[in-house]
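Residue numbers (my numbering), protein chains in the order written: chain A, 1 to 415; chain B, 1 to 330; chain C, 1 to 285.
These are computed hints drawn from the structure, not numbers from a lab. There's no promise every hint is true.
[What the hints assert, rightly or not] A few chain A residues facing chain C, derived, Cβ under 7 angstroms:
| id | residue |
| --- | --- |
| 1 | 68 |
| 2 | 215 |
| 3 | 224 |
| 4 | 226 |
| 5 | 240 |
Note that the Cβ used here is the ideal one computed from N, Cα and C, for glycine as well.
Here is how the chains run, residue by residue.
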Amino acid sequence: MTTALTLPLRRLATIAAAALLSVPAFVGQAQAEEDEIRIGILAPLTGPLASPGQEMVWGHEMFWEQKGHTVAGRDVRLVIADTACNPDQAITQARRLVDQEEVHTIIGPLCGHEGPAVAQVGRETGLPILLDPAGADEITKWTRVPSVVRTALSASQIGHPFGDYLYNELGLRSATFIGQDYTFGHEVTLGAIQTFTELGGEVDELIWTPIGTTDYGPVIAGVPSDSEAVAVTIVGADRVRLFDAWFDFGMDHRHDIIGTYWLQEDALPQVDDRAVGLISNSLNYVAGIETPENEAFVEAYAEAHNRIPSWFAESGYTASLWAHDAIEAIDGDIEDREAFLDAVRSVEIDAPRGPLRLDEYDNPIQNVYVSEVQKRDHPVLGEILMNVPVKTYEGVSQFWTWDPEEFLERGPYER
Amino acid sequence: MPERGALTLIFVAALVATVPLFAGDFWVSLTIKILVLGLLALSVDLLLGHAGLLSLCHAAFFAMSAYTVAILQVRYGVPMLIAVPAGLAMGTLLALVFGVSVRTRGVYFILVTIALGFIVWGVTYRWASFTGGDNGITNVPYPAIGDFQITSMTAYFYVVLLVVLGCVLAYRTLVRSPFGLVLRGLKSSESRMRSLGYSPLRHLYVAFVLSGFMASLAGVLYIYFNRFVNPATAHFHISVEAVLMAILGGTGTILGPFLGSVVIMVLRNWVSGFFPYYMTLMGLVFIVTVLFAPNGIIGLVNSWRARRARRAKTTDAVGTEPEAQPRPQP
Amino acid sequence: MSFIIQTINGLSLAALLFLLSAGFTLTFGLMRVVNLAHGALYLIGGYVGLSVVWTTDNFWLGIVAGGFFVVVLAALIDRFLIRPTGENHLAQVLLTVGVAIVIADIALAIWGGDNLRVPTPEMLRGPIFLPGDIIYPRYRFVLILFGLAAAVIMWVLYRRTQIGAIVRAGVDDREMASALGININLLFALVFAVGAFLAGVAGVVGGAFLTLYPGVEWEILILALVVVIVGGLGSLEGAIVGSVIVGLIDAYGRWLMPEMSYFVIFAPMAVLLLVRPTGIFGQEH
Numbered sequence: 001m002t003t004a005l006t007l008p009l010r011r012l013a014t015i016a017a018a019a020l021l022s023v024p025a026f027v028g029q030a031q032a033e034e035d036e037i038r039i040g041i042l043a044p045l046t047g048p049l050a051s052p053g054q055e056m057v058w059g060h061e062m063f064w065e066q067k068g069h070t071v072a073g074r075d076v077r078l079v080i081a082d083t084a085c086n087p088d089q090a091i092t093q094a095r096r097l098v099d100q101e102e103v104h105t106i107i108g109p110l111c112g113h114e115g116p117a118v119a120q121v122g123r124e125t126g127l128p129i130l131l132d133p134a135g136a137d138e139i140t141k142w143t144r145v146p147s148v149v150r151t152a153l154s155a156s157q158i159g160h161p162f163g164d165y166l167y168n169e170l171g172l173r174s175a176t177f178i179g180q181d182y183t184f185g186h187e188v189t190l191g192a193i194q195t196f197t198e199l200g201g202e203v204d205e206l207i208w209t210p211i212g213t214t215d216y217g218p219v220i221a222g223v224p225s226d227s228e229a230v231a232v233t234i235v236g237a238d239r240v241r242l243f244d245a246w247f248d249f250g251m252d253h254r255h256d257i258i259g260t261y262w263l264q265e266d267a268l269p270q271v272d273d274r275a276v277g278l279i280s281n282s283l284n285y286v287a288g289i290e291t292p293e294n295e296a297f298v299e300a301y302a303e304a305h306n307r308i309p310s311w312f313a314e315s316g317y318t319a320s321l322w323a324h325d326a327i328e329a330i331d332g333d334i335e336d337r338e339a340f341l342d343a344v345r346s347v348e349i350d351a352p353r354g355p356l357r358l359d360e361y362d363n364p365i366q367n368v369y370v371s372e373v374q375k376r377d378h379p380v381l382g383e384i385l386m387n388v389p390v391k392t393y394e395g396v397s398q399f400w401t402w403d404p405e406e407f408l409e410r411g412p413y414e415r
Numbered sequence: 001m002p003e004r005g006a007l008t009l010i011f012v013a014a015l016v017a018t019v020p021l022f023a024g025d026f027w028v029s030l031t032i033k034i035l036v037l038g039l040l041a042l043s044v045d046l047l048l049g050h051a052g053l054l055s056l057c058h059a060a061f062f063a064m065s066a067y068t069v070a071i072l073q074v075r076y077g078v079p080m081l082i083a084v085p086a087g088l089a090m091g092t093l094l095a096l097v098f099g100v101s102v103r104t105r106g107v108y109f110i111l112v113t114i115a116l117g118f119i120v121w122g123v124t125y126r127w128a129s130f131t132g133g134d135n136g137i138t139n140v141p142y143p144a145i146g147d148f149q150i151t152s153m154t155a156y157f158y159v160v161l162l163v164v165l166g167c168v169l170a171y172r173t174l175v176r177s178p179f180g181l182v183l184r185g186l187k188s189s190e191s192r193m194r195s196l197g198y199s200p201l202r203h204l205y206v207a208f209v210l211s212g213f214m215a216s217l218a219g220v221l222y223i224y225f226n227r228f229v230n231p232a233t234a235h236f237h238i239s240v241e242a243v244l245m246a247i248l249g250g251t252g253t254i255l256g257p258f259l260g261s262v263v264i265m266v267l268r269n270w271v272s273g274f275f276p277y278y279m280t281l282m283g284l285v286f287i288v289t290v291l292f293a294p295n296g297i298i299g300l301v302n303s304w305r306a307r308r309a310r311r312a313k314t315t316d317a318v319g320t321e322p323e324a325q326p327r328p329q330p
Numbered sequence: 001m002s003f004i005i006q007t008i009n010g011l012s013l014a015a016l017l018f019l020l021s022a023g024f025t026l027t028f029g030l031m032r033v034v035n036l037a038h039g040a041l042y043l044i045g046g047y048v049g050l051s052v053v054w055t056t057d058n059f060w061l062g063i064v065a066g067g068f069f070v071v072v073l074a075a076l077i078d079r080f081l082i083r084p085t086g087e088n089h090l091a092q093v094l095l096t097v098g099v100a101i102v103i104a105d106i107a108l109a110i111w112g113g114d115n116l117r118v119p120t121p122e123m124l125r126g127p128i129f130l131p132g133d134i135i136y137p138r139y140r141f142v143l144i145l146f147g148l149a150a151a152v153i154m155w156v157l158y159r160r161t162q163i164g165a166i167v168r169a170g171v172d173d174r175e176m177a178s179a180l181g182i183n184i185n186l187l188f189a190l191v192f193a194v195g196a197f198l199a200g201v202a203g204v205v206g207g208a209f210l211t212l213y214p215g216v217e218w219e220i221l222i223l224a225l226v227v228v229i230v231g232g233l234g235s236l237e238g239a240i241v242g243s244v245i246v247g248l249i250d251a252y253g254r255w256l257m258p259e260m261s262y263f264v265i266f267a268p269m270a271v272l273l274l275v276r277p278t279g280i281f282g283q284e285h
C-alpha cells in the first residue's frame, strides 16, 4: 500500500510549508482590506475531534474556491480559529474573531457543548452567527438568541424519524437503545425513543455509556438476550470500538445492530466488510445521496482530499453556501446585520444534502436519510465502503410532527 | 526596603490598568482571563512554592464556586450578593474536605489530588439534571448589585484587577508572616519543624484550605467573566495548566504565576490564530524553560539582575524572593 | 455467565494496563522520574507500528517496530531532557508534559485526527468459543495471554535473576548499590529501555482495539497512573496487582453501575490512598 506510506510523508511536507507560510500570514494580518468580507470559522483543529474539524474547514474552503472567493462583487476571506473542542477556548476565539479580525459573521462551532458558549457571544455582540454543526437542541428551542441561526441540525431532529423507521419500516415492536452519555447522545437517543414509543414500541433496555469508553465488552453484555434489535448512538473513537466489540463477541449472531448515529464516512475506512449491509445512520447527509449536486460535491472532495466527505464536510460546505446566497440576496451589504439575518432566514438553498430553509425557530427544515453501508467502486478511491440512503424522510422539522408550542412545553430531552 | 516589593506590584497593576486605553475588547477580555487564571495559579503556588505540595485538583475549587454561583443565579434567581459568598463558601467547604490529602507527601500527594479532582469533574459531567451536563450552564446574568449592573468588558476588567490586586497583597502578607515561614520550613525539613514544636499537618491543612479559598475566588471572577460554565472548567487539564503557569513563571513568587499565565494564554488564544502548530510551540516553551530557566521566568530575570548588580550586597527580587530549587547534580 | 465474561473483560484491559504501567512504575522506582510523557510514548509507538503494519502487512513487525522506535525516542528524551533535571520533580512534570504535547502535536500533523485502528492479522480476528457457551473476542483473549506472559517474564527477571536483584537493590538504595560497584547508569538505561519498549508495544497492541487518536495519550496515562497508585509506585508486583484490580473494577463497575463509571475507579483509589498512601505494595520514597 504505497498510499499508506506516502500519506504521512506528504503531511510532513505540508507542515513545513504551512509553518513557513504562517509567518507572512501573521505579518500581513493587520492589513484587513476595506471591502473584503471576512467570515470567521470556529472548528476544533487539535484534540480528539480534530479530524471532523478539519473536514468542516475543507468543506468551507472548497466552496469558496469554487466561487473564486467572491460574492456580490466583494472578496471573501475565511478566518479560521481553533477551538480545541473546549468551550472556554471557543468563546475566547469567538471574541477574537469579532473584535480583532472584525469578521462579519461566524460559522461554527462543531462540538455540541461549544454551541451555547458561542451563541452567548452572539447575544453579547449582536454578530450574526450561523451555528454549524453543533447540535445542542436548546439553541433553536429554549434559549434562542436573536442573532444566532442554525444551518446544520438539531440533535433530536435526526432521532425522531429514526423511531418511525424502527417501527414502521423495520417492523420492530421493541428494541434496546445504547446512547453516548452526553447531551448530543441524550437528545438523539431520546428523540428516537420518543417517536418509537408513541407509535407503540417498547424499550427493552436503555444503556448509557460515557464518551471514551475504552471497553465495549461490558456495555454490550448488558443487552437483554431476548432483545431483537439494538439501536446505537455513538460518537468519536467509540464508534470503531463498539463495531469491533460487537462482532468479536459474536453479538451479530444474536441481535441486529442499527445505527441511529454511528458509522459516518470518516469511520468507514477503519471498519471492515462486516459493516456491509448495516443500517449506519439517520442523518441529514450521507455521501451516497444520488443527486447531481451531491455527486459533483463528492467527486470534487474525493479529488482534493482522497476521501469521501462526512456530514461535517458537507455541513461546512453548505453553511458557506448559505452565507453566500444570503449575501448575494442583499447585494453584498453584510454590514447590515439585520438584513443579512433576514436573508439567511428567507433564502432557500439547494445543497448537496437537498433543499433547505429555516423554520420560524431558525432551524433548517431538511431531509433526513436513513442509510446503509454498501461497498462501492469509486473512480478515485477504488473499492470503498459508503453510506447509501435506504429511506428518505423529506422536509423534516426539528419538531417532527408535533406542534412547536407543545414540544417546547414538554421540555428538553434529558436522561 | 521592605515595601519595595509591594510598590512593584502596584506599579505592575497600574501598567495593566492601562490595557483598555490602547487595546480592544479582545485584549481586555484576554487580560481578564490571564488575571483570573493567574490567580488560580497563585493559589496553587501557595502550596507548591511555599509548602512544596504539588496539587492537581485546584480546578475542582475553581469550578465548584463557579457552578454554585451559576446555579444559584440562573436556576434560583438568587442575587449576586448572596450567590458570591455562597460560591466562595462551597469552594472552601470542598477544600476543607479535600484537605485530608495533606496526610500524604510528594508524588503521592500529586496522585491523590488527581483522583479527587476527577471525582468533581465526574459530578459536573454526570449529574446533568443539576449541572446541565455537557452543555453546562449558560446566560449567567451580568454582575449586579441592586440596579447597578456591570455589562461592559472594560468595567469588569477593573473589578477583576482590583480584586486580584487586593488578593495578591493579602497573599503577600500571608507568605511573609510567621505562618509563611513555617510553611517554607516544612518544605525544607519537616522533621526539623516538628522537633521545633510545629504541627506539620495543621499548618499544611490550613494552607490547603486557604489555597482552596483563593481558587474559589478565581472561580467567582471567572463565572462573571465568561457567564457560562461547563465541565471543561473542572477538568484535570485546568489543574495541570495552573501548575504549569506557576512553574513556568517561577514558583514561590507572586508575579511568576501571572507571567506563566500570560505566556500560556497568549499562545493558546492569540498565537493559535495564525500559527497552526502552537501546541508544539507551547510544549517547546515548557521544555526550554526547564532546561535553561529551571526557576521559571522570574528566576531567569533575577539571575540576570544578580549578574548585572554583582557588586551590590543584596539583590532585589521581583515580587517576593524566589526560593532556590534544590538541584542535585545529575 | 455475565460474571465470567466481565471477568475476562477486566483481565484483557488489565493486560494492556500492565504493559503500560510496568515501565512507568519501574522508571519511577529506580530513577525517581515522574514521566508524564508515558502516554505520548504509547501514542507514538502505536502510530509508528500502524504505519509499519500498513506498509508491510505484518502485525508482529509492527509491534516490534513500535517498541523499538519508542526505545530510541525515550533514550534521547532521557539523555538530553530528563537527566539534566536531576531529581527535581517539578521540573520533570513541566518538562514531560511539554514533551508529551510536542509528540502529540507532531503525531496529529503526520497521522491526522482520525480514529485509526491498527489492523490485526486474520488469525486474531473474530470470536473464539470457550467452554460453557462463552463467546469471546479472540484478539482480546490472546492479549490476556500476552499480558500474562509479559508479567511472568518480568517477574522472573525481577525476582529470580542476578540482574533483577541488582535492579531491586537499586530501587531500595541507590547509593548503596552504587557503592557496591554496580554500574548504575547502565542499569538505569536497561530498565528505562525495557519500560519504553513495553510502552511502545502497548501502543500497537492497544491501538488494535482502542484505536489511536489525538487525546488518547492522556486517557491512557490517567489509567496507568491509577494502576501505579493502587499498586504502589516503584513496585513491579504493584503494577501487576494494580492492573488486575483496575481492570476488574472497571469491568464490573460498567456492568453493575454504569451510571457511576467515573467514581467507580477514582473514589476507591482516593480512599485507599488516604488509608495507605503508598499503595498496596509501595514503600516510602
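Do the hints match the structure? See the list:
1. 68: Hint violated; residue 68(A) Cβ to chain C Cβ min 28 angstroms, cut 7 angstroms.
2. 215: Residue 215(A) check passes; min Cβ-Cβ to chain C is 6 angstroms, inside 7 angstroms.
3. 224: Constraint on residue 224(A) not satisfied, violated at 11 angstroms.
4. 226: 15 angstroms, violated
5. 240: 5 angstroms, holds
Of the numbered hints given earlier, the model fails hints 1, 3, 4; all others are met.
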